[in-house]
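Position one of the sequence shown corresponds to residue 14 (the numbering used here), numbered consecutively onward.
Treat the hints as calculated values from the structure; they're not laboratory data. There may be inaccurate statements among the hints.
[As the list claims (entries may be wrong)] Here are the in silico distance ranges between beta carbons for each label pair:
| # | residue 1 | residue 2 | range |
| --- | --- | --- | --- |
| 1 | L34 | E64 | 14 to 24 Å |
| 2 | Q29 | A77 | 34 to 44 Å |
| 3 | L34 | S67 | 28 to 38 Å |
| 4 | Q29 | R74 | 18 to 28 Å |
| 5 | A77 | S41 | 14 to 24 Å |
| 6 | E75 | K33 | 31 to 41 Å |
[Stated by the list, open to error] 30 Å max Cα-Cα, derived BS3-like pairs, lysine-lysine:
| # | residue 1 | residue 2 |
| --- | --- | --- |
| 7 | K33 | K46 |
| 8 | K72 | K46 |
| 9 | K38 | K72 |
Glycine included, each C-beta is placed from N, C-alpha and C at the ideal position.
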Amino acid sequence: DAKRLIGRRFSDASVQSDMKLWPFKIISGPAEKPMIGVNYKGEDKQFAAEEISSMVLMKMREIA
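Modelling step: build the complete structure from the supplied sequences, incorporating the hints.
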């Protein structure tokens with residue numbers, strides 16, 4: 014789902030409609046970039062969609 018946010022603005026209609034369906038929180042970041050809010054190790058953090066996609070690919074690489 015994070016891939017759908019790459020290259021879009023927080024105010025984009027598709028982002029706003031998809032936000033209602035996702036189990037994670039989307040926050041407006043710098044320059045209206047959508048940021049994903051998560052609780053990681055007891056701390057609230059914000060990550061860009063590109064960072065989340067990178068983390069997923071790194072984990073897949075570890076597993077393979």
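Q. Which earlier hints can't be squared with this structure?
A. Violated: hints 3, 4 and 5.
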